[in-house]
Amino acid sequence: METTADTESTVLPKQAVPVENVVAEEKQFLRFSRLNRTLHVIMVVSFMSLALTGMTLKFSYTGWASFLSHLFGGYESAGYIHRFAAVLMVGILVAHITDLVRRKRKEFGSWKALLLGPDSMLFNKKDLYDFIGNIKWFLHKGPRPEYGRWTYWEKFDYFAVFWGISVIGSTGFMLWFPEFFTNFIPGWMLNVATIIHSDEALLAVGFIFTVHFFNTHLRPEKFPMDIVVFTGRMDLEELKLDKPAEYEALVKSGELQKYLVEPYPPIVIRTVRVFGWTALTIGFSIVVWIIYAMLFAYR
Amino acid sequence: MRIARTIRFVAWVVGFIAPAFAQENSDCLMCHGDKAATGKRGGRTISVYVNEKKFGGSIHASLTCVSCHADLTGKEFPHDEELARVDCGTCHSAEQELHAKSLHGKAIKRGDPLAPQCKDCHGTHEIYSVKDSRSQVAPLKVPFLCGKCHQEGTKVMQQRNIHQDHIIENFSESIHGEGLLRKGLIVAPNCASCHTAHSILPHTDPASSIAHKNIAATCAKCHALIESVHRKIIKGELWEKQAHVLPACVDCHQPHKVRKVFYNQGMADADCMRCHENKDLTSSKDGRSLFVRLEEKNSSRHSKTACSQCHSEVNASRVRPCETITKKVDCASCHAEVSQQYAKSMHGQLIAKNDPNGPTCKECHGTHGIKGKLEPISPTFATNIPKLCARCHREGEKAAVRYTGSQHDIIAHYTESIHGKGLMKSGLTVTATCTNCHTAHSVMPKSDSTSSVNRKNVPITCGRCHHGIQEQFEQSIHHVKLGRTDKQLPVCSDCHSAHTIQRTDAQGFKLDIMTKCGRCHEDIAKTYFDTYHGKVSQLGYTKTAKCYDCHGAHDILPISDPKSHLSRENVVATCQKCHEGATRRFAGYLTHATHHDPQKYPFLFWTFWGMTSLLVGTFVLSGVHTLMWLPRALQMRRELKKKEMEPEEQKTPESKDGGTSKRA
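Chain order of the listed sequences is F and U. Here the first sequence stands for residues 210 to 508, numbered as in the numbering used here. Here the second sequence stands for residues 443 to 1106, numbered as in the numbering used here.
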């Protein structure tokens, strides 16, 4: 479950470079592996598609919904897109778990090492202290906690996806194959499944497009956006500032230079920014639309 | 002469033979002279009394009883009770032959119990000469005799197919009836004068005295010189020679109704055309053109009608025969029935009030060039009717201006409707046009209970074409027969509209129907929109189940009815129309579910509130977290910016506290 930067042999420097020789502008810290970056991009596309097509049904009483539904080529093709994106999403889950199994074998040797190691995604005592410390920091009662590789809100987001995929996914399958599922469950369970599917989706969409956007992309110090999840790279300065504990640990173990890579050329950065902006725009539009629907058109 | 000779011969034979058998009338009267004498026929006791005095005065006085009751010849008295029917044909064979071929005779042959026998008209023992005023068939009595069967209320008129009505009333008021019955002119025609006494045949029978080609000859029996009188209207000799081309008497002088009207002296059309063929002829009153194209009239429905038949009151003896005309053309003089209908209609009522907007016959039918409604050039031909009605009913025109109801732009809407497209674009003359629904001559506002478009009549009106639908609808809960509500039940137009009727497979109709049903079934429509079918429909798609897909369209029944599409027996099959693999459990899906009703749908209610709590809880916690973070994050940003401005050497990674404890 832990995701230290996967060894990215193609971009890693052939020779180890001493830390002191590293010029911040030239080398960047590799935070996310290529697979994880790819999975996140696919997830963005899949999630946006699911949200847009799904919301058309949930808020079918708004003009927006009708417009979008027609934009997707009608409710049937919107449905195809929705189910295709859902399959992608499940694929992401499968790919991620497969990756974990692989890395358990190759890098950790046992589940215990993976799950309870210092860079684990599981919540641990430090997260509790970080959380309390952070609240104190909010209230000017203490310094900003020295976060390690994963902050507690990142871990929360990570597990929210597991919860979301299982709840929305399972009810989604019931609604996808109602004839099959009613061999086992009564018909009114489909109504229950609809409510769970749709409200959990609303929660996911609402959370991702507000809290997650803020936490990881839109925080004023990162404004307008943090593209680390797409490029996988961040400045060393930023690492020192944001995740001091991780930086310290890497310096101590002397592994830091292993994660220093060449930055991407500006064209890649621009492309990533365009993609990011698109996702942000769609996300915020959906939020505005949901708020409009809930406040002014709710039935 | 032959009859008389036969009678004389029979009398002679009887007189000769009778004494031999001693069957004198007096022998018969020994028993039958007794007023109390009774006998049996067909199990019934009947009087067999014969009034000797009356028989003695009858035309058959000189005959013996057995000459008619021939089966008693040579029998011992007293005789058997059941006698054979007297056969008048023994003597009156010619009459019997005619009678046998007539309507009456054929009816007897068929065994019709209402068919008249000889005695029904002539009597039995008291038969007098036709010239004898005591005779039942004397001219003055004939109308009463025929009237026994042929007046209103008799079995014959009710149970047999008689095409004329009020025969005796009409006759008694006609010029013939008046002559006969009021003035006592026995030469005035009675029933038998036209229909003959024994050879009564329907007018469709070419041998009938009242057949179209024979009628002139029949009338001419009395009106011998009628040709010369009618010279100007009917061209003399053609009248009889080519009866099929020319009108028969009855075409103008209706049978039985022949009024005491003074039919104006015949005017030939040519007489009128002397002036009216002049193109510059105008009215001295209002200057309108009085030019008439005779060819127009002659190619019209009235080609066989003379000018003076419509423009009555002309006086042929004047130089200007039309100067005696005081009234406008009254179509009612021929088209009486339709005129009566029309007078009751909204249009007719306006005319009666002298309202200038009231359309007269000619507004729709035209004047000299009147065509039948089956002729495509007629303004009353199906495809022309919308244009015709539009002359007044198009928005802005005189009828539309005074109309206060809810239907607007009716012509434009109709043209776009399925009926209008069928008629105008597809050219289907059987498609409903204005008159099919509103009628041609009985147009009434829908508020009037006699109107064809009144709520209670709408299903019948539509059913005239859509009969199968009407039958289904009459079996549905929406029809008054089954509907159990004090609210107004829907009729065709409530769902299909009146003038904007669409194809029911058109997208607009399919989507609109939900609001139509929702007008009455408000709650159930609302909850429909909470489920998948409703939501997709709301987005503007027609492919998911709409009200009628599950409930049926015209055959809607309550779910409790076993015939309902949604009854326990039928519901799975109804789901299977779209969901092939549907099972009974599948049919348990709540298509009208709402999560706002804890009593009816507790599972949905609590699921919804459970999910909502989760959602609200998550957002409150993360929202508070984020909002608390925001000011600190902004501060952090300011400090970072400031640091960038500082000299290079000071920009070290040593600030462990994230720069937050340093204050500017």
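Do not take every clue at face value.
Said to hold, decoys possible - Below 16 Å or equal to it, Euclidean Cα-Cα: the simulated EDC-like pairs (lysine to aspartate or glutamate) are:
| hint | chain 1 | residue 1 | chain 2 | residue 2 |
| --- | --- | --- | --- | --- |
| 1 | U | LYS551 | U | ASP529 |
| 2 | U | LYS561 | U | GLU518 |
| 3 | U | LYS985 | U | ASP954 |
| 4 | U | LYS968 | U | GLU1022 |
| 5 | U | LYS551 | U | GLU539 |
| 6 | U | LYS1083 | F | ASP328 |
| 7 | U | LYS840 | U | ASP890 |
| 8 | U | LYS590 | U | ASP607 |
| 9 | U | LYS804 | U | GLU738 |
| 10 | U | LYS1083 | F | GLU285 |
| 11 | U | LYS1005 | U | GLU913 |
| 12 | U | LYS1084 | F | GLU430 |
| 13 | F | LYS345 | F | GLU355 |
| 14 | F | LYS335 | F | GLU355 |
| 15 | U | LYS597 | U | ASP607 |
| 16 | F | LYS431 | U | GLU611 |
| 17 | U | LYS482 | U | ASP522 |
| 18 | U | LYS590 | U | GLU611 |
| 19 | U | LYS1085 | F | GLU446 |
| 20 | U | LYS590 | U | ASP574 |
| 21 | U | LYS590 | U | ASP562 |
| 22 | U | LYS769 | U | GLU779 |
| 23 | U | LYS1085 | F | GLU355 |
| 24 | U | LYS770 | U | GLU755 |
| 25 | U | LYS1019 | F | GLU388 |
| 26 | U | LYS1085 | F | GLU285 |
| 27 | F | LYS461 | F | ASP328 |
| 28 | U | LYS985 | F | GLU285 |
| 29 | U | LYS786 | U | ASP954 |
| 30 | U | LYS958 | U | ASP936 |
| 31 | U | LYS1083 | F | GLU446 |
| 32 | U | LYS597 | U | ASP529 |
| 33 | F | LYS431 | U | ASP928 |
Read the hints as simulated data drawn from the structure, not as lab findings.
Now for the hints, and whether the structure bears them out:
1. Restraint check for LYS551 (chain U) and ASP529 (chain U): satisfied, since their Cα atoms lie roughly 15 Å apart, inside the 16 Å limit.
2. At roughly 27 Å between alpha-carbon atoms, LYS561 (chain U) and GLU518 (chain U) are farther apart than 16 Å, so this suggested pair is violated.
3. Distance check on the hinted pair: LYS985 (chain U) and ASP954 (chain U) sit about 14 Å apart at the alpha-carbon level, within 16 Å; holds.
4. Taken as a hint, the LYS968 (chain U) and GLU1022 (chain U) pair is broken in the structure, with Cα atoms around 27 Å apart against an allowance of 16 Å.
5. At most 16 Å may separate the alpha-carbon atoms for a hinted pair to count; LYS551 (chain U) and GLU539 (chain U) meet this at roughly 13 Å.
6. For a cut-off of 16 Å, the pair hint linking LYS1083 (chain U) to ASP328 (chain F) is broken: about 31 Å separates their Cα positions.
7. Taking the CA atoms of LYS840 (chain U) and ASP890 (chain U), the gap is near 21 Å; set against the 16 Å cutoff, the hint is violated.
8. For the hint pairing LYS590 (chain U) with ASP607 (chain U), the CA-to-CA distance comes to about 14 Å; that is within 16 Å, so the pair holds.
9. The hinted pair formed by LYS804 (chain U) and GLU738 (chain U) meets the criterion: a straight-line CA distance of about 15 Å does not exceed 16 Å.
10. The hinted pair formed by LYS1083 (chain U) and GLU285 (chain F) fails the criterion: a straight-line CA distance of about 51 Å is larger than 16 Å.
11. Proposed proximity of LYS1005 (chain U) and GLU913 (chain U) is supported: the alpha carbons are some 15 Å apart, at most 16 Å.
12. A distance of roughly 12 Å separates the Cα atoms of LYS1084 (chain U) and GLU430 (chain F); the hinted pair therefore holds under the 16 Å criterion.
13. Of the pairs offered as hints, the one joining LYS345 (chain F) and GLU355 (chain F) holds, with about 13 Å between alpha carbons and a cut-off of 16 Å not exceeded.
14. Using a Cα cut-off of 16 Å, the hinted pair LYS335 (chain F) and GLU355 (chain F) holds, with the two alpha carbons roughly 10 Å apart.
15. Taking the CA atoms of LYS597 (chain U) and ASP607 (chain U), the gap is about 13 Å. The hint holds against a cut of 16 Å.
16. Taking the CA atoms of LYS431 (chain F) and GLU611 (chain U), the gap is about 109 Å. The hint is violated against a cut of 16 Å.
17. The suggested pairing of LYS482 (chain U) with ASP522 (chain U) holds, with an alpha-carbon distance near 10 Å, which does not exceed 16 Å.
18. Using a Cα cut-off of 16 Å, the hinted pair LYS590 (chain U) and GLU611 (chain U) holds, with the two alpha carbons roughly 13 Å apart.
19. Distance restraint check for LYS1085 (chain U) and GLU446 (chain F): the Cα-Cα separation of roughly 12 Å lies within the 16 Å cut-off, and the hinted pair is therefore satisfied.
20. Note on LYS590 (chain U) and ASP574 (chain U): the hinted pairing is violated, with a Cα-Cα distance of about 20 Å set against a maximum of 16 Å.
21. The hinted pair formed by LYS590 (chain U) and ASP562 (chain U) meets the criterion: a straight-line CA distance of about 10 Å does not exceed 16 Å.
22. About 20 Å separates the Cα atoms of LYS769 (chain U) and GLU779 (chain U), which puts this hinted pair outside 16 Å; it is violated.
23. Only pairs whose Cα atoms come within 16 Å are accepted, and LYS1085 (chain U) paired with GLU355 (chain F) is rejected, the gap being roughly 20 Å.
24. For the hint pairing LYS770 (chain U) with GLU755 (chain U), the CA-to-CA distance comes to about 10 Å; that is within 16 Å, so the pair holds.
25. Distance hint between LYS1019 (chain U) and GLU388 (chain F) is fulfilled; the C-alpha atoms sit about 13 Å from each other, no more than 16 Å.
26. Our distance criterion of 16 Å between C-alpha atoms is broken by LYS1085 (chain U) and GLU285 (chain F), whose separation comes to about 55 Å.
27. For a cut-off of 16 Å, the pair hint linking LYS461 (chain F) to ASP328 (chain F) stands: about 15 Å separates their Cα positions.
28. A hinted pair counts as satisfied when its Cα atoms are at most 16 Å apart, and LYS985 (chain U) with GLU285 (chain F) qualifies at roughly 9 Å.
29. A distance of roughly 37 Å separates the Cα atoms of LYS786 (chain U) and ASP954 (chain U); the hinted pair therefore is violated under the 16 Å criterion.
30. Restraint check for LYS958 (chain U) and ASP936 (chain U): the C-alpha separation of about 7 Å stays at or below 16 Å, so the hint holds.
31. Restraint check for LYS1083 (chain U) and GLU446 (chain F): the C-alpha separation of about 13 Å stays at or below 16 Å, so the hint holds.
32. Between the alpha carbons of LYS597 (chain U) and ASP529 (chain U) the distance comes to roughly 26 Å, so the proposed pair goes past 16 Å and is violated.
33. Taken as a hint, the LYS431 (chain F) and ASP928 (chain U) pair is broken in the structure, with Cα atoms around 68 Å apart against an allowance of 16 Å.
Comparing the model with each numbered hint stated earlier shows that hints 2, 4, 6, 7, 10, 16, 20, 22, 23, 26, 29, 32 and 33 do not hold.
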